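2 protein chains.
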Amino acid sequence: MEPSSLVVLPGIEAPATLARRPPPPRRSLSPAELAAGIRAGSRSSLSQAISLVESSRESDRARSAELLRLLADRMGDSVRVGITGVPGVGKSTLIEALGRLLLEDPTERVAVLAVDPSSPLTKGSILGDKSRMGWLSSQDRAYVRPSPSRGSLGGVASRTREVIQLCEAAGCRTIIVETVGVGQSEVAVEGLVDCFLLLMLAGAGDEVQGIKKGVIEMADAIAITKADGDNLVKAKVARQMVLNALHMVARKGPEVPVAICSSATGEGLQEVWGLVREFVDRAKRTGDFEARRARQGSRWLRQMMDEEVLDRYYRQPGLEAVLAAATHEVERGALTPRMAAEIVFRRFPVDGGYHPPST
Amino acid sequence: MEPSSLVVLPGIEAPATLARRPPPPRRSLSPAELAAGIRAGSRSSLSQAISLVESSRESDRARSAELLRLLADRMGDSVRVGITGVPGVGKSTLIEALGRLLLEDPTERVAVLAVDPSSPLTKGSILGDKSRMGWLSSQDRAYVRPSPSRGSLGGVASRTREVIQLCEAAGCRTIIVETVGVGQSEVAVEGLVDCFLLLMLAGAGDEVQGIKKGVIEMADAIAITKADGDNLVKAKVARQMVLNALHMVARKGPEVPVAICSSATGEGLQEVWGLVREFVDRAKRTGDFEARRARQGSRWLRQMMDEEVLDRYYRQPGLEAVLAAATHEVERGALTPRMAAEIVFRRFPVDGGYHPPST
Numbered sequence: 001m002e003p004s005s006l007v008v009l010p011g012i013e014a015p016a017t018l019a020r021r022p023p024p025p026r027r028s029l030s031p032a033e034l035a036a037g038i039r040a041g042s043r044s045s046l047s048q049a050i051s052l053v054e055s056s057r058e059s060d061r062a063r064s065a066e067l068l069r070l071l072a073d074r075m076g077d078s079v080r081v082g083i084t085g086v087p088g089v090g091k092s093t094l095i096e097a098l099g100r101l102l103l104e105d106p107t108e109r110v111a112v113l114a115v116d117p118s119s120p121l122t123k124g125s126i127l128g129d130k131s132r133m134g135w136l137s138s139q140d141r142a143y144v145r146p147s148p149s150r151g152s153l154g155g156v157a158s159r160t161r162e163v164i165q166l167c168e169a170a171g172c173r174t175i176i177v178e179t180v181g182v183g184q185s186e187v188a189v190e191g192l193v194d195c196f197l198l199l200m201l202a203g204a205g206d207e208v209q210g211i212k213k214g215v216i217e218m219a220d221a222i223a224i225t226k227a228d229g230d231n232l233v234k235a236k237v238a239r240q241m242v243l244n245a246l247h248m249v250a251r252k253g254p255e256v257p258v259a260i261c262s263s264a265t266g267e268g269l270q271e272v273w274g275l276v277r278e279f280v281d282r283a284k285r286t287g288d289f290e291a292r293r294a295r296q297g298s299r300w301l302r303q304m305m306d307e308e309v310l311d312r313y314y315r316q317p318g319l320e321a322v323l324a325a326a327t328h329e330v331e332r333g334a335l336t337p338r339m340a341a342e343i344v345f346r347r348f349p350v351d352g353g354y355h356p357p358s359t
Numbered sequence: 360m361e362p363s364s365l366v367v368l369p370g371i372e373a374p375a376t377l378a379r380r381p382p383p384p385r386r387s388l389s390p391a392e393l394a395a396g397i398r399a400g401s402r403s404s405l406s407q408a409i410s411l412v413e414s415s416r417e418s419d420r421a422r423s424a425e426l427l428r429l430l431a432d433r434m435g436d437s438v439r440v441g442i443t444g445v446p447g448v449g450k451s452t453l454i455e456a457l458g459r460l461l462l463e464d465p466t467e468r469v470a471v472l473a474v475d476p477s478s479p480l481t482k483g484s485i486l487g488d489k490s491r492m493g494w495l496s497s498q499d500r501a502y503v504r505p506s507p508s509r510g511s512l513g514g515v516a517s518r519t520r521e522v523i524q525l526c527e528a529a530g531c532r533t534i535i536v537e538t539v540g541v542g543q544s545e546v547a548v549e550g551l552v553d554c555f556l557l558l559m560l561a562g563a564g565d566e567v568q569g570i571k572k573g574v575i576e577m578a579d580a581i582a583i584t585k586a587d588g589d590n591l592v593k594a595k596v597a598r599q600m601v602l603n604a605l606h607m608v609a610r611k612g613p614e615v616p617v618a619i620c621s622s623a624t625g626e627g628l629q630e631v632w633g634l635v636r637e638f639v640d641r642a643k644r645t646g647d648f649e650a651r652r653a654r655q656g657s658r659w660l661r662q663m664m665d666e667e668v669l670d671r672y673y674r675q676p677g678l679e680a681v682l683a684a685a686t687h688e689v690e691r692g693a694l695t696p697r698m699a700a701e702i703v704f705r706r707f708p709v710d711g712g713y714h715p716p717s718t
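Sequence order for the protein chains is A and B. Quick note: the first sequence uses our numbering, first residue 1, plus one each step. Quick note: the second sequence uses our numbering, first residue 360, plus one each step.
By construction, these hints were calculated from the structure, which means they are not laboratory data. Take the hints with a grain of salt, since some may be wrong.
[What the hints assert, rightly or not] Every beta carbon over 10 Å from chain A, so not counted as near; a handful from chain B, in silico:
#, residue
1, Thr452
2, Leu460
3, Thr466
4, Arg532
5, Ala561
6, Val592
7, Lys595
8, Leu602
9, Ala623
10, Glu679
11, Leu682
[Stated by the list, open to error] Here are the computed distance ranges between Cβ atoms for each label pair:
#, chain 1, residue 1, chain 2, residue 2, range
12, B, Arg654, A, Asp230, 33 to 43 Å
13, B, Gln629, A, Leu319, 47 to 57 Å
14, B, Arg691, A, Gly274, 50 to 60 Å
Predicted model only: the values in this text are computed from it and were never measured. Quick reminder that beta carbons are idealized off the backbone N, C-alpha and C, glycines included.
Generate coordinates for the entire structure from the input sequences, incorporating the hints supplied.
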C-alpha cells in the first residue's frame with residue numbers, strides 16, 4: 001500500500017503528484033464534487049459522502065438528496081449479505097476471513113457496514129469496529145464503516161440503505177451488513193439484504209445464545225462458527241441439531257443449509273460463502289432476487305415517506321410553539337391529549353382542510 | 360346476578376321493566392346515547408363504546424372522538440396497574456384472586472384490559488381471556504375485556520389508553536392492564552399505567568423465563584407466584600435472588616419491593632396488593648404520580664399526532680393512485696425510492712409548499 005493521504009479504490013491509480021502532496025485542509029465538497037470523487041474511486045469522497053448521508057443537520061439534507069440523485073445510475077449492482085449472531089459468536093473474525101477470501105479475486109471490492117440498534121434501555125454494543133478488522137480495514141479494495149450512533153432503529157436502517165447505495169456507486173460488488181443477534185435489528189436488516197447469514201456457536205442451546213426463533217426463521221443460511229480443535233465434534237453435533245430444529249420451523253422456500261467453519265483455521269469458509277452464493281444465484285434464476293428487492297423497495301418508499309411527512313409537518317413555522325403550549329396544558333391536566341391534538345390540527349391542518357382528530 | 364340483557368354496573372339499578380323485556384335488536388347508539396349510558400353505569404353501553412373506540416372503520420372515527428369528548432370530565436380518576444410476566448406465570452389466576460380481594464370493598468369497581476402484541480413473525484398469545492377469569496367476568500362490579508386483535512403495538516397502546524378512559528368514565532376505580540412478558544409490550548404498557556407489577560416464577564433463572572433485563576428495570580413491584588406446597592421454599596430463595604439481582608440493576612427511585620404469593624391458597628395476595636397501593640400512595644405524596652401521568656400525556660399527544668398526521672396525509676383524494684404508480688416504478692427498478700417519494704411530494708406537499716425530500 002502506498003503511503004498516501006488520498007487513498008483510492010483500485011482501478012483508478014492516484015496520480016503520483018497528488019499522492020505526494022501534503023493533505024489539503026478538509027473542506028466540504030459539493031454534491032457534484034463528491035459524486036465525481038465516488039465515481040473516480042476516491043475513498044475520502046466516499047467517507048465524506050457517508051457522513052453527509054448520516055448527518056441529521058438540516059443544512060446537510062438537501063445536499064445529501066442531491067448527491068444520491070447524481071449517483072442513482074450506479075446503484076443496485078451488488079450482492080448484499082446480512083451477517084448476524086450473538087456477541088462472541090465471532091462475527092468480525094469471520095467477516096475478516098471472508099473478506100480475505102473475496103479479495104483473492106482482483107476485481108472484487110467489499111464494503112462492511114454495521115447496523116447497531118441502541119435500545120431505549122440499554123446501549124447497543126460496538127459493531128463494525130475497524131480495530132477488530134485490522135487487516136480488512138487496511139485493504140485498498142475494502143471499506144469498513146463502523147456503525148453510526150443514532151437514535152431509532154428505523155432511522156439507522158434508512159440511513160444504512162443509502163450508505164449501501166453509496167458503496168455500490170463506489171464500485172463495491174459485495175456489501176456485508178453486520179448486526180447483533182437481538183431480534184429487532186434483524187427485522188430491519190432483513191429489509192436491506194439479498195441473503196441473511198446467521199452465525200451460531202456449537203455447544204449451546206439457542207435459548208442460551210439468546211437467539212429468538214424469529215431470527216432463525218429469517219435466516220437464508222446458517223454457519224456454526226469456531227469449529228476447530230476440541231470444538232470440532234461439538235460443532236458437527238450442533239449442525240445436526242440445528243438441521244433438526246429447522247424442520248420444526250415453518251418456513252417457505254428452499255431448506256436452509258447449515259455449514260460449519262473456523263475463522264482460525266480457515267476450514268469451511270469457502271463452503272459458507274458458497275452457501276451464500278448458491279442462495280443468491282438460485283434466487284436470481286427463480287426471480288426471488290428481483291421480487292425481494294422489489295418488496296424492499298416499496299417498503300422503503302413507504303417508510304421514507306412516513307418519516308418525511310412527519311418531518312415536514314412538525315417543521316412548519318410556528319408549529320413548535322403551539323405544540324409546546326398544548327403539551328403544557330396536557331401535562332398540567334387541563335386538556336386530554338385528544339383535545340390538545342385538536343387545537344394543534346385546527347391551526348396546522350395537514351391537507352388544507354380541517355377535520356376533527358379521530359385516532 | 361339478575362338474568363338481564365342490560366347488565367348494569369352497581370349504584371344504578373336496572374329498572375325492572377327494562378330488565379324483564381326481551382333484548383332489543385342491537386343498533387348503533389349515538390355518541391351522546393353511549394356517553395349517557397356509560398355515565399348511568401350501563402355495561403352494554405361500555406362494551407359498545409369500547410368496540411367503537413377500537414374500530415378502525417372510517418365512519419366510526421368521528422363518533423369515537425365525539426364520545427371521548429363528551430366523557431372527558433370523568434377521566435383520570437383511577438389507579439392503573441400493569442401486570443406482566445411470561446406465559447405460565449399465572450397472570451390470569453392472580454388477577455382473578457386480586458379482583459376477589461378488591462371487590463370485598465363494596466364501592467370498588469375493577470376493569471381488566473389486555474395488551475397483547477402480535478409480533479410480525481409469531482402470533483401473540485391470548486390474554487384477558489374471559490374464560491380464564493370466569494368468576495371475575497361474572498361480577499357486576501368487574502369488567503373483563505379480552506385483547507383486541509390489532510396490527511401494530513403503537514396502535515394497541517393508543518386504543519388501550521382510550522379504553523382505560525372509558526372504563527374510568529364508567530366508574531371503575533382500579534384498572535388492571537395485563538400484558539405478556541416479552542419486552543416490547545411492556546414499554547408500551549409502562550406508558551399507560553401508574554404502577555407496573557412484574558410476576559416471576561420461583562426456581563427459574565430470568566434467562567430461562569425469557570424476561571429481559573429491561574423489563575425488570577421497568578418494574579415498580581415484583582411478585583414471585585405459585586409460592587405454595589413444595590414450591591414455598593423455592594419461592595423464598597427466589598425472592599432473595601431477585602432482591603440481590605435488583606442491586607445490580609441501575610434504577611432511580613425507591614428500591615423495588617419483592618413479595619411472594621399463591622393464588623391457590625390466597626397467601627401473600629394482600630401483601631402483593633399492599634405493595635402496589637404503597638407505591639401509588641407514596642408516588643402521590645412525592646408528586647411522582649402526577650409527574651408520571653404528565654409525561655405519559657405528553658408522549659401520548661405526540662404519538663396521537665404522528666398517527667393522525669400520517670393518516671390525514673395518505674387519506675387525501677387522489678394520493679393513493681399516485682403512490683401506487685410510484686411504488687410500481689420502484690418495484691420494477693425504474694426509480695429509486697427517493698425519486699419516487701419526490702414525485703409524490705411534488706403532487707401532494709404536506710404544508711402547501713414544495714421542498715425536495717431530504718430524509
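List in ascending order the numbers of the hints, as given earlier, that are violated by the structure.
Structure breaks hints 11, 12 and 14.
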